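Chain order of the listed sequences is A and B. When the letters of the first sequence are read in order and numbered with this note's numbering, they come out as residues 375 to 843. When the letters of the second sequence are read in order and numbered with this note's numbering, they come out as residues 9 to 115.
The set of hints was computed from the structure by calculation and includes no laboratory data. All of these numbers come straight from a predicted model, not from anything done at the bench. Don't be surprised by glycine CBs; every beta carbon is placed ideally from N, CA and C. There could be a bad hint or two in this list.
As the list claims (entries may be wrong) - Below, a sample of chain B positions facing chain A; criterion: calculated Cβ distance under 8 angstroms: (1) C32; (2) M35; (3) M38; (4) T45; (5) Q48; (6) G52; (7) G54; (8) L56; (9) R77; (10) S80; (11) I82; (12) L109.
What the hints assert, rightly or not - Below are the DSSO-like pairs computed for lysine-lysine, each with C-alpha atoms no more than 30 angstroms apart in a straight line: (13) A:K497 to B:K40; (14) B:K13 to A:K497; (15) B:K40 to A:K434; (16) A:K641 to A:K497; (17) A:K459 to A:K409; (18) A:K731 to A:K575; (19) A:K376 to A:K497; (20) A:K497 to A:K380; (21) A:K380 to A:K409; (22) A:K497 to A:K409; (23) A:K409 to A:K424; (24) B:K29 to A:K434; (25) A:K379 to A:K459; (26) B:K40 to B:K86; (27) A:K575 to B:K40; (28) A:K434 to B:K15; (29) A:K793 to A:K731; (30) A:K716 to A:K641; (31) B:K40 to A:K466; (32) A:K434 to A:K376; (33) A:K793 to B:K29; (34) B:K15 to A:K497; (35) B:K86 to A:K575; (36) B:K15 to A:K459; (37) A:K459 to A:K423; (38) A:K409 to A:K731; (39) A:K731 to A:K379; (40) A:K434 to A:K459.
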Amino acid sequence: MKDTKKQIETYTPYALGRLEAHLEDMAARGWMPEKISGMFWTYRRIEPKKVHVTAIYFEKASLYAPGPTESQMTFREFCEHTGWKQAASYDKLHILYNEQEDPLPIETDPVTKVETIDRAMGKRYLPGLAFLVLVALLGIAQLCAAVWIDFVGELVRSSSVWSCLLWLDILVSALAELCVYVSWRRRARQAAEQGIFLPAKEHTLLSAANSCLIVLILAAEAGSLISIYGNAAAMGIGVFIAVAAALPILAAGRIREYLRRKAAGAKVNAAVTAAVFAVVYAALLAAIGMFIMRSGVGQTKGHVSENYEHDGISFTAYGDALPLTAADLTGREMPGRSTWWKVETSPLLARYTGQDKPRMDTTEETLLEYTVVEVKVPALYDRCRRALLGHWDETADKRIPEEYKKVYREQDPAPWQAKEAYVLYDRQTGEELSQYLICFADRIVEVDMSWEPSEEQMKIITEKLLAVQ
Amino acid sequence: MAREKFKTLTEQMFYILLCLKEECYGMDIMDKVSALTGGQVTVGSGTLYNLLEQFAEAGMIRETEARGRRRSYILTEKGYEALETEYRRLRRQMRDYDRILGREQEQ
């Protein structure tokens with residue numbers, strides 16, 4: 375029979391009532407906390423007994439001090455005077471128990487109790503929440519900037535959509551926690567004036583629901599990684615992310631405990647721990663970068679490729695199956711082609727890209743490239759249309775003189791059987807190029823070809839590209 | 009609205025300061041307050057420790073002796089003033105009570 379056991383404990387730092395009741399229940403079942411940390415607690419076996427447990431904050435305790443400080447020892451003596459013995463402590467949180475039937479509580483003055491909790495929250499909890507808000511805002515800002523620069527390209531990546539949801543969830547929950555805390559503090563101070571301690575309520579159901587939501591978002595994110603990079607690469611990325619998140623924290627924790635054992639001063643310990651965290655984090659980032667560069671993780675899966683040489687230069691020819699080829703349009707055999715196909719999909723958009731090019735070692739020059747953007751959320755259609763209109767059109771590019779610009783001109787959409795159609799016009803040569811933007815009900819198609827299509831070919835393009843899924 | 013620090017005293021603040029009219033070991037205050045009030049007011053160890061620190065920081069008490077971790081304290085002039093202010097506040101409350109309810113009871 376094991377004499378110790380580990381358990382994950384979660385609690386709201388300023389609402390410790392549920393934790394105290396749980397620890398009293400554990401003691402009644404024969405378990406007393408021996409070593410505690412943020413989440414992972416170690417219990418030792420004891421004779422099952424009814425004890426009173428209290429969880430309190432002692433402001434002068436430090437995570438980095440080599441042992442209990444003088445003031446901590448004095449505090450313990452004060453507590454022992456009324457029968458309270460310390461079971462375990464972590465940073466400023468202390469767990470004490472009392473075997474008396476009706477012991478004098480450690481905190482008897484509501485005003486002092488609320489102040490003590492507030493000071494402890496000001497050291498770790500509130501800065502932690504503020505940090506989360508800042509990180510989430512930075513994450514959202516970075517995504518917004520990416521969407522601003524490449525609207526379709528960003529929204530078609532499901533990982534961007536899930537990341538945005540994740541940052542929003544973190545932002546909203548951190549802000550909600552801040553509001554709940556500030557509201558409790560205000561009410562608790564008022565109640566304390568009347569000599570009453572107002573315990574904070576724990577929103578356990580809400581927290582559990584939020585945790586489930588985060589797990590779902592992470593699962594969706596993992597799913598999108600798998601769909602893009604394949605199982606093995608996605609697993610590699612996942613393991614790297616998990617290691618990157620855990621290793622600096624673990625390394626910093628180890629070095630902090632080592633320095634505590636070696637009786638290093640609290641300030642030295644804190645500085646070295648922070649330095650170790652930063653170095654390990656930087657080293658991991660560098661390792662991840664090198665891994666991605668060397669292993670080719672990050673490149674999309676599924677292309678059939680062949681390397682060949684022409685005039686002493688290496689080229690890659692692809693052999694992906696395409697929904698529409700130049701041969702489909704011209705009706706003639708075209709050997710020596712490189713065909714490339716890519717599908718990107720998110721809950722908002724899907725983008726299908728096809729390229730049918732001649733190999734460099736052939737004399738053929740027929741070229742066909744197309745992109746089909748499927749808009750799954752109708753509200754995004756117009757913004758996608760404007761983004762794609764600006765893709766090849768140089769109207770807004772101030773670096774190019776007006777007379778040299780290539781701009782879209784509206785053309786008759788009837789041959790395309792579309793709502794709208796545009797053709798790219800070169801102001802310098804005064805010619806229409808064979809580059810088109812065609813708008814259908816829920817799809818916008820860009821076609822770039824090396825010849826001007828006939829009406830029959832336009833019909834085939836529409837038919838084939840509308841069928842793409 | 010939260011009170012301005014020590015402008016008014018809670019019952020426990022009041023009795024801790026009162027006990028320190030004479031030099032006293034910090035830990036002994038718990039027993040002294042209980043004895044002084046016949047068990048009506050009790051001060052928990054955490055509350056006492058925190059208040060002693062805060063009173064010392066505010067200059068309302070001062071440390072007189074430190075034997076290892078056993079420290080003695082005594083009230084300062086500022087502490088007396090705080091007690092006096094609280095006393096006057098309580099007296100005012102009592103006078104108000106008498107004025108409003110005491111006379112009614114007499115009638």
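Results of checking the hints against the structure:
Using the Cβ-Cβ criterion of 8 angstroms, the hint placing C32 (chain B) at the interface with chain A is not satisfied: the shortest such distance is roughly 14 angstroms. Look at M35 (chain B): its Cβ gets to within about 5 angstroms of chain A, closer than 8 angstroms, so that hint holds up. Restraint check, M38 (chain B) versus chain A: the minimum CB separation of about 6 angstroms is within 8 angstroms; hint holds. Residue-level restraint check for T45 (chain B) is violated (minimum Cβ-Cβ distance to chain A is 12 angstroms; threshold 8 angstroms).
This hint is violated: Q48 (chain B) has a C-beta 12 angstroms from the nearest C-beta of chain A, more than the 8 angstroms allowed. Of the supplied interface hints, the one on G52 (chain B) holds, with its beta-carbon coming within about 4 angstroms of a beta-carbon of chain A, less than 8 angstroms. Interface restraint check: G54 (chain B) against chain A, minimum CB-CB distance 4 angstroms, threshold 8 angstroms, status holds. Nearest Cβ of chain A to the Cβ of L56 (chain B): about 6 angstroms, under the 8 angstroms cut. The hint holds.
Annotation: interface hint on R77 (chain B) holds; nearest CB of chain A at approximately 5 angstroms, less than 8 angstroms. Hint status for S80 (chain B) relative to chain A: violated, with the closest Cβ pair at about 13 angstroms, above 8 angstroms. At a threshold of 8 angstroms, the smallest CB-CB gap from I82 (chain B) to chain A is about 18 angstroms, leaving the interface hint violated. Nearest Cβ of chain A to the Cβ of L109 (chain B): about 20 angstroms, over the 8 angstroms cut. The hint is violated.
Restraint check for K497 (chain A) and K40 (chain B): the C-alpha separation of about 34 angstroms exceeds 30 angstroms, so the hint is violated. The straight-line distance between the Cα atoms of K13 (chain B) and K497 (chain A) is roughly 20 angstroms, inside the 30 angstroms bound, and the hint therefore holds. Among the hinted pairs, K40 (chain B) with K434 (chain A) is consistent with the structure: their alpha-carbon atoms are about 26 angstroms apart, no more than 30 angstroms. For the suggested pair K641 (chain A) and K497 (chain A), the alpha carbons sit about 16 angstroms apart, so the restraint of at most 30 angstroms is met.
Restraint check for K459 (chain A) and K409 (chain A): satisfied, since their Cα atoms lie roughly 15 angstroms apart, inside the 30 angstroms limit. Distance check on the hinted pair: K731 (chain A) and K575 (chain A) sit about 65 angstroms apart at the alpha-carbon level, beyond 30 angstroms; violated. For a cut-off of 30 angstroms, the pair hint linking K376 (chain A) to K497 (chain A) is broken: about 37 angstroms separates their Cα positions. For a cut-off of 30 angstroms, the pair hint linking K497 (chain A) to K380 (chain A) stands: about 27 angstroms separates their Cα positions.
Pair hint K380 (chain A) plus K409 (chain A) holds up; C-alpha atoms about 9 angstroms apart against a cutoff of 30 angstroms. Taking the CA atoms of K497 (chain A) and K409 (chain A), the gap is near 22 angstroms; set against the 30 angstroms cutoff, the hint holds. Restraint check: the Cα-Cα separation between K409 (chain A) and K424 (chain A) comes to about 20 angstroms, which is no more than 30 angstroms; the hinted pair holds. About 28 angstroms separates the Cα atoms of K29 (chain B) and K434 (chain A), which keeps this hinted pair within 30 angstroms; it holds.
For the suggested pair K379 (chain A) and K459 (chain A), the alpha carbons sit about 21 angstroms apart, so the restraint of at most 30 angstroms is met. For the given pair, K40 (chain B) sits about 22 angstroms from K86 (chain B) by alpha-carbon distance, which is consistent with the 30 angstroms threshold. Between the alpha carbons of K575 (chain A) and K40 (chain B) the distance comes to roughly 35 angstroms, so the proposed pair goes past 30 angstroms and is violated. For the hint linking K434 (chain A) to K15 (chain B), the alpha-carbon distance of about 25 angstroms falls within 30 angstroms, and the restraint holds.
Distance hint between K793 (chain A) and K731 (chain A) is fulfilled; the C-alpha atoms sit about 29 angstroms from each other, no more than 30 angstroms. Note on K716 (chain A) and K641 (chain A): the hinted pairing is violated, with a Cα-Cα distance of about 54 angstroms set against a maximum of 30 angstroms. At most 30 angstroms may separate the alpha-carbon atoms for a hinted pair to count; K40 (chain B) and K466 (chain A) meet this at roughly 29 angstroms. Between K434 (chain A) and K376 (chain A), the direct Cα distance comes to roughly 35 angstroms. Violation of the 30 angstroms bound is thereby established for this hinted pair.
Taking the CA atoms of K793 (chain A) and K29 (chain B), the gap is near 92 angstroms; set against the 30 angstroms cutoff, the hint is violated. A C-alpha spacing of about 26 angstroms is found between K15 (chain B) and K497 (chain A), which places the hinted pair at or below 30 angstroms, so the restraint holds. Of the pairs offered as hints, the one joining K86 (chain B) and K575 (chain A) is violated, with about 39 angstroms between alpha carbons and a cut-off of 30 angstroms exceeded. With a C-alpha separation of about 34 angstroms, the suggested pair K15 (chain B) and K459 (chain A) falls outside the 30 angstroms cut-off, and the hint is violated.
The suggested pairing of K459 (chain A) with K423 (chain A) holds, with an alpha-carbon distance near 15 angstroms, which does not exceed 30 angstroms. This hinted pair does not check out: K409 (chain A) and K731 (chain A) have alpha carbons roughly 66 angstroms apart, beyond 30 angstroms. Only pairs whose Cα atoms come within 30 angstroms are accepted, and K731 (chain A) paired with K379 (chain A) is rejected, the gap being roughly 64 angstroms. For a cut-off of 30 angstroms, the pair hint linking K434 (chain A) to K459 (chain A) stands: about 18 angstroms separates their Cα positions.
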